[in-house]
Amino acid sequence: MVAKQQAKAPPRKAAARTRGPSPEKTARTRAAIIKAAMAEFLECGFAAATMAGIARRAGLAKGTAYLYFDTKEALFTGIVRDVITNPLDEAQQQEIGPQEKVADYFRRTLLPAVRNIETGGRAAVARLVVAEGAHFPFLADVYRRQAYDPLLAHIRRFAQIARERGELKNDTLVRHPHLLIAPLWIGMINNGIMDPSHPIDIGALFEAQIAQCFGTAAPRVPG
0 MVAKQQAKAP PRKAAARTRG PSPEKTARTR AAIIKAAMAE FLECGFAAAT MAGIARRAGL
60 AKGTAYLYFD TKEALFTGIV RDVITNPLDE AQQQEIGPQE KVADYFRRTL LPAVRNIETG
120 GRAAVARLVV AEGAHFPFLA DVYRRQAYDP LLAHIRRFAQ IARERGELKN DTLVRHPHLL
180 IAPLWIGMIN NGIMDPSHPI DIGALFEAQI AQCFGTAAPR VPG
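Just so we're aligned: 187 in numbering that gives the first Met the number 0 is position 188 of the sequence shown, and the numbers increase by one with no gaps anywhere.
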């Protein structure tokens, strides 16, 4: 008796592979969400801003925005990281030259970022924190941890180096590094709140403060 051969099942089709977005597209989408969130927060305020509104500004579905940031708080943290922390880290990672004075080091590394503090969006983020930080302590806490405290620590560290080198007459800047960044806050408040029609050149103000703190002449601007 010949056994019946079992019919072979048809071969299964391989499951179609789905390709995820490229790293470049992912980065572009994330940047678009960050930009839209910043515009939404500045126009509507943090309380009234919505993830749906942010997604619309970015030209995305709301679900797509949630894939990158699950809350408004996470979005604000991303804004601070991208707009302030990352540029600040780049400046702080630069080494001081063997013969470079600390005042010149600050001019070389910090001044470029200060000069575009308005156009780069950093001033707008700071003013948002000033305006809404009392009602939303999370905003102030994120800004302090990621931007404010690290910058003060950086200034204090190099002020101590300058003091040890004899480039500072006393330890005032070591004890109060806030003095060096005070012009930034004066300028940001003036330009966005107190007197926007008469904006201050924050870069020039910061450079003048370096000269005051270190007792050095600020480079003269031709013209």
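Honestly, the hints are just simulated from the structure, not real lab data.
Some hints could be false.
As the list claims (entries may be wrong) - Taking CB as the label site, the calculated pair distances span:
no.: 1; residue 1: A139; residue 2: R174; range: 21 to 29 Å
no.: 2; residue 1: Q98; residue 2: E42; range: 42 to 50 Å
no.: 3; residue 1: N85; residue 2: E42; range: 18 to 26 Å
no.: 4; residue 1: E94; residue 2: D170; range: 18 to 26 Å
no.: 5; residue 1: K61; residue 2: E163; range: 50 to 58 Å
Unchecked claim - Here are the simulated DSS-like pairs of lysine-lysine, each with C-alpha atoms no more than 27 Å apart in a straight line:
no.: 6; residue 1: K24; residue 2: K71
no.: 7; residue 1: K61; residue 2: K24
no.: 8; residue 1: K168; residue 2: K100
no.: 9; residue 1: K100; residue 2: K61
no.: 10; residue 1: K24; residue 2: K34
no.: 11; residue 1: K71; residue 2: K100
no.: 12; residue 1: K61; residue 2: K71
We treat Cβ as the ideally placed atom computed from N, Cα and C, and that holds for glycine.
Verification of the hints:
1. For the pair A139 and R174, the supplied restraint of 21 to 29 Å holds, since their beta-carbon distance comes to about 23 Å.
2. A hinted range of 42 to 50 Å for the beta carbons of Q98 and E42 is consistent with their spacing of about 48 Å.
3. Restraint check, N85 to E42: a C-beta distance of roughly 24 Å satisfies the suggested window 18 to 26 Å.
4. Checked against the given bound of 18 to 26 Å, the beta carbons of E94 and D170, roughly 24 Å apart, stay inside it.
5. With their beta carbons about 55 Å apart, K61 and E163 fall inside the hinted range of 50 to 58 Å.
6. Straight-line distance between C-alpha atoms of K24 and K71 comes to about 22 Å, which keeps the hinted pair within the 27 Å bound.
7. Simply put, K61 and K24 have alpha-carbon atoms about 17 Å apart, close enough for the 27 Å limit, and the pair holds.
8. Proximity of K168 to K100 is assessed by CA-CA distance (about 14 Å); at most 27 Å being required, the pair is judged to hold.
9. Restraint check: the Cα-Cα separation between K100 and K61 comes to about 51 Å, which exceeds 27 Å; the hinted pair is violated.
10. A threshold of 27 Å between alpha carbons decides the hint, and for K24 with K34 the separation of about 15 Å falls inside it, so the pair holds.
11. Simply put, K71 and K100 have alpha-carbon atoms about 43 Å apart, too far for the 27 Å limit, and the pair is violated.
12. With a C-alpha separation of about 12 Å, the suggested pair K61 and K71 falls inside the 27 Å cut-off, and the hint holds.
The structure is inconsistent with the numbered hints 9, 11, although it conforms to all the rest.
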